[in-house]
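Build out the structure end to end from the sequences listed, making use of the hints.
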Amino acid sequence: MKIKRYNPEKDPPRWTETFNVDTKKGMNLLEALLQIQDEQDPTLFFRYSCRGAVCGSCGMKVNGKLALACRTPVEGLLEETTLIEPLPFFPVIRDLIVDMSPLFEHFRKIEPYLHGKPVMPEREHIMTEEERKAVDPYIQCILCGICFGVCPAFNREALFFGPAILAKAFRFLLDPRDRRDKEILESVNHHQGVWGCNTVFQCVKVCPKEVPPTHAIVKMRRNILKYRLVSFFSRFSSLCRSSSK
Amino acid sequence: MEILSHDILIIGGGLAGLRAAIEAQKAGRDVAILSKVHPLRSHSVAAQGGINAAFDNVPAPVNDSWENHSFDTIKGSDYLADQDVVEIMCREGLERVIEMERWGTLFSRTEDGKIAQRPFGGAGFPRTCYAADRTGHNLLHVLYEQVTGLRIPVYEEWHALSLVVAEGRCIGILAFPLFEERTVPIQAEATILATGGYGRIYLRSTNAIINTGRGCYLAYQAGLPLEDMEFVQFHPTSLFGTNILITEGARGEGGYLVNVKGERYMERYAPHLMELGPRDIVARATQREIDEGGGFEGQYVHLDLRHLGREKILDRLPGIRQIAMDFAGIDPILNPIPIQPAQHYSMGGIPTNVDGETPLPGLYAAGECACVSVHGANRLGGNSLLETLVFGARAGRKAASNVNPVRNSRGMISNGVKGEKGDFNPLAFQNQSAAFQSGLHDLSSRKEGEPCFRLRDELKALMTDQVGIFRRESDLLSAKEKIRELKERFGRIGIKQKRLAFNNEWIQYLELEGMLHVAEVITEGALARKESRGSHFRTDYPERDDEHWLRHTFAYKTPAGARLEYKEVKITTYPPKERTY
Numbered sequence: 001m002k003i004k005r006y007n008p009e010k011d012p013p014r015w016t017e018t019f020n021v022d023t024k025k026g027m028n029l030l031e032a033l034l035q036i037q038d039e040q041d042p043t044l045f046f047r048y049s050c051r052g053a054v055c056g057s058c059g060m061k062v063n064g065k066l067a068l069a070c071r072t073p074v075e076g077l078l079e080e081t082t083l084i085e086p087l088p089f090f091p092v093i094r095d096l097i098v099d100m101s102p103l104f105e106h107f108r109k110i111e112p113y114l115h116g117k118p119v120m121p122e123r124e125h126i127m128t129e130e131e132r133k134a135v136d137p138y139i140q141c142i143l144c145g146i147c148f149g150v151c152p153a154f155n156r157e158a159l160f161f162g163p164a165i166l167a168k169a170f171r172f173l174l175d176p177r178d179r180r181d182k183e184i185l186e187s188v189n190h191h192q193g194v195w196g197c198n199t200v201f202q203c204v205k206v207c208p209k210e211v212p213p214t215h216a217i218v219k220m221r222r223n224i225l226k227y228r229l230v231s232f233f234s235r236f237s238s239l240c241r242s243s244s245k
Numbered sequence: 001m002e003i004l005s006h007d008i009l010i011i012g013g014g015l016a017g018l019r020a021a022i023e024a025q026k027a028g029r030d031v032a033i034l035s036k037v038h039p040l041r042s043h044s045v046a047a048q049g050g051i052n053a054a055f056d057n058v059p060a061p062v063n064d065s066w067e068n069h070s071f072d073t074i075k076g077s078d079y080l081a082d083q084d085v086v087e088i089m090c091r092e093g094l095e096r097v098i099e100m101e102r103w104g105t106l107f108s109r110t111e112d113g114k115i116a117q118r119p120f121g122g123a124g125f126p127r128t129c130y131a132a133d134r135t136g137h138n139l140l141h142v143l144y145e146q147v148t149g150l151r152i153p154v155y156e157e158w159h160a161l162s163l164v165v166a167e168g169r170c171i172g173i174l175a176f177p178l179f180e181e182r183t184v185p186i187q188a189e190a191t192i193l194a195t196g197g198y199g200r201i202y203l204r205s206t207n208a209i210i211n212t213g214r215g216c217y218l219a220y221q222a223g224l225p226l227e228d229m230e231f232v233q234f235h236p237t238s239l240f241g242t243n244i245l246i247t248e249g250a251r252g253e254g255g256y257l258v259n260v261k262g263e264r265y266m267e268r269y270a271p272h273l274m275e276l277g278p279r280d281i282v283a284r285a286t287q288r289e290i291d292e293g294g295g296f297e298g299q300y301v302h303l304d305l306r307h308l309g310r311e312k313i314l315d316r317l318p319g320i321r322q323i324a325m326d327f328a329g330i331d332p333i334l335n336p337i338p339i340q341p342a343q344h345y346s347m348g349g350i351p352t353n354v355d356g357e358t359p360l361p362g363l364y365a366a367g368e369c370a371c372v373s374v375h376g377a378n379r380l381g382g383n384s385l386l387e388t389l390v391f392g393a394r395a396g397r398k399a400a401s402n403v404n405p406v407r408n409s410r411g412m413i414s415n416g417v418k419g420e421k422g423d424f425n426p427l428a429f430q431n432q433s434a435a436f437q438s439g440l441h442d443l444s445s446r447k448e449g450e451p452c453f454r455l456r457d458e459l460k461a462l463m464t465d466q467v468g469i470f471r472r473e474s475d476l477l478s479a480k481e482k483i484r485e486l487k488e489r490f491g492r493i494g495i496k497q498k499r500l501a502f503n504n505e506w507i508q509y510l511e512l513e514g515m516l517h518v519a520e521v522i523t524e525g526a527l528a529r530k531e532s533r534g535s536h537f538r539t540d541y542p543e544r545d546d547e548h549w550l551r552h553t554f555a556y557k558t559p560a561g562a563r564l565e566y567k568e569v570k571i572t573t574y575p576p577k578e579r580t581y
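Sequences listed follow chains A and B, in order. Reminder that position 222 of the first sequence reads as 222 in the working numbering, one-by-one numbering, no gaps. Reminder that position 417 of the second sequence reads as 417 in the working numbering, one-by-one numbering, no gaps.
Calculated from the structure, these hints are not laboratory results. One or more hints might be untrue.
Cross-link-like lysine-lysine pairs, in silico, BS3-like; alpha carbons within 30 Å at most [what the hints assert, rightly or not]:
id: 1; chain 1: B; residue 1: 261; chain 2: A; residue 2: 25
id: 2; chain 1: B; residue 1: 480; chain 2: A; residue 2: 209
id: 3; chain 1: B; residue 1: 570; chain 2: A; residue 2: 4
id: 4; chain 1: A; residue 1: 133; chain 2: A; residue 2: 209
id: 5; chain 1: A; residue 1: 209; chain 2: B; residue 2: 114
id: 6; chain 1: B; residue 1: 114; chain 2: A; residue 2: 133
id: 7; chain 1: B; residue 1: 498; chain 2: A; residue 2: 25
id: 8; chain 1: B; residue 1: 114; chain 2: A; residue 2: 182
id: 9; chain 1: A; residue 1: 2; chain 2: B; residue 2: 498
Small disclaimer: the values here were computed from a predicted structure and weren't measured.
In structure tokens:
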């Protein structure tokens, strides 16, 4: 297993190192990395927590493909020499640890919390299962950053909000409990928002939680166009009215 | 010396910590959260099945009430829970769950659009509110969204090294950012520990790798006792191999537990509730089946969901289906899931009152690291998420009200200059920092010694083998001996890398120190408690003994190990009775 290393204090700061791992049946890549860290090189750095593909810590590049290490079986990697690299897009801090702050900066831009409608005191909002199921695919996101790593839109617009963030915005737009509607659409109605997407579905393909950000983006675009059309017609008709007077 | 300062500092970014932060911030205090991982990577995110609150949303022959919830919790605790505290949790829980819904938690719904509820172990009603089988994920993300909206600062990937205590009061902590070469004193008028459990001292555990019990150890090291630590919950259904949790909700939805002969063996252990017996009983039954030849390959039994049908599995249990497919290569729609019991939860922890206050002024605790005590000897599924919200909020509120708002100041106090805060004591921080530096120097000058991971692995195997589901004196004595030996070997460990920043060896050393002490407390408590109650089962004392043991254990740190004291259990409404299901 080859691992791309990075340590700015070393000369050279970047190098590739080969490790041998004692594999066991059912072993995953995270376990292999932990074994290397324990038994061979305590200076190897990577993030981990849940080891069950729910916390979003261990996104990385494995033989060119982005994945959560804990969800990647080692058995599938044995045929050729495996190359492990940090998640692309984000600045590397050390070895496989990247700086995720760009993702969370975009996250804050969309005011990512429910702006609830007023409801009866002491009770929940009433919501149907159908309404819940519509939102459900978009709340599975674990903010692991894998979609940022494959998204080609960043090449054109470095400040593009990113797939996960636009999926999050759509989650609030869809939620019947959120009083915002236009505000959400306005917050993404630009080239750093929904118009920056290449609609090539890379994010949908790689998401480990099966979130479909491109679908969210396309639907928000449609909603924006609908609004524009409505406002165009209302302006047009008021123009007609005033000219007929 | 650079010193950071906040009214309230919360250590831990899981549900209890975030909930406490929100409450304190809304009370107008200057709050900060410190966590060794990004808050969304906290173990709360892995909770699956749900959160209990007696809304009575599902039509049933009899109405549910918070009083029923209290009774089930107390009976489930094998009467070791403090009943007044249980009542608070079950009553206030209703409000806390509604609040989470209003903040955006996407709960599953009943036909009339209310929060859906499912049956769970040891409960007489379908009382567990759920968001499919990703309830923890939903709750944690929603709380993090709230924290983001309130702009509460988070010291991400910072470790708490020690509590700073001066004149009998906790005045803050010594911390260090994982990627930087410095230790940072953080002064706080209130420090709230919300650091979760210690599952990783066991070889087989459902817990995240980060759950090493460090927060419990911080308190223990500072002279606080740890309460009821011998009560360790083993979850009946962890995925064979990785021990990832397979929710009790799978049985709540109707799943069967089946042994190698094809029998639903729970018939023999809990004839009425069957698979939905409380966790201690189902875990013991499952382990006994495996031990007595009823297991597959001698190691696991089957959790069979096939009869639930594709639609129900996809709708209610999509997360565990994904887990079974990802980590065992099995689709539960087509095949049964191989499961075995594994350590899951700590009923014990840092003793607190109903407002999260510990015996040390200025220090609070909430969530799994605390023992308030609502779970007693055995926690019911769905009560841990509830505890984090109810007592997280209470701790945040109490801490906020105890902080004097006149002295409220924000930001940095540099060079030890006295800020607006009255009782700021730079000397205590300097002393702690100097002690830490010299300890670190000693550590890096030691040449011999073994790597930490070897000791850690020995400890984990030992705890699962000898301080597990079935306990007996000879095993516990040998475990005690072995832990002592491990502590001695730990004392000889040296660290090769001399720096603080990016030093895995150093982090492992810190974590292992706490793990060894926590393991010792569990073992000593289990050895002393000559009865069986809830999760603590002694094969040599198989009966519950209320006359001698209806009391809480308090373990204090001494150079010779843990010193044990005992305290009465608070009983309000329900006198102890025999516990049958």
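So, going through the hints one by one against the coordinates:
| no. | hint | result |
| --- | --- | --- |
| 1 | 261/B / 25/A | 26 Å, holds |
| 2 | 480/B / 209/A | 44 Å, violated |
| 3 | 570/B / 4/A | 58 Å, violated |
| 4 | 133/A / 209/A | 15 Å, holds |
| 5 | 209/A / 114/B | 26 Å, holds |
| 6 | 114/B / 133/A | 14 Å, holds |
| 7 | 498/B / 25/A | 37 Å, violated |
| 8 | 114/B / 182/A | 27 Å, holds |
| 9 | 2/A / 498/B | 27 Å, holds |
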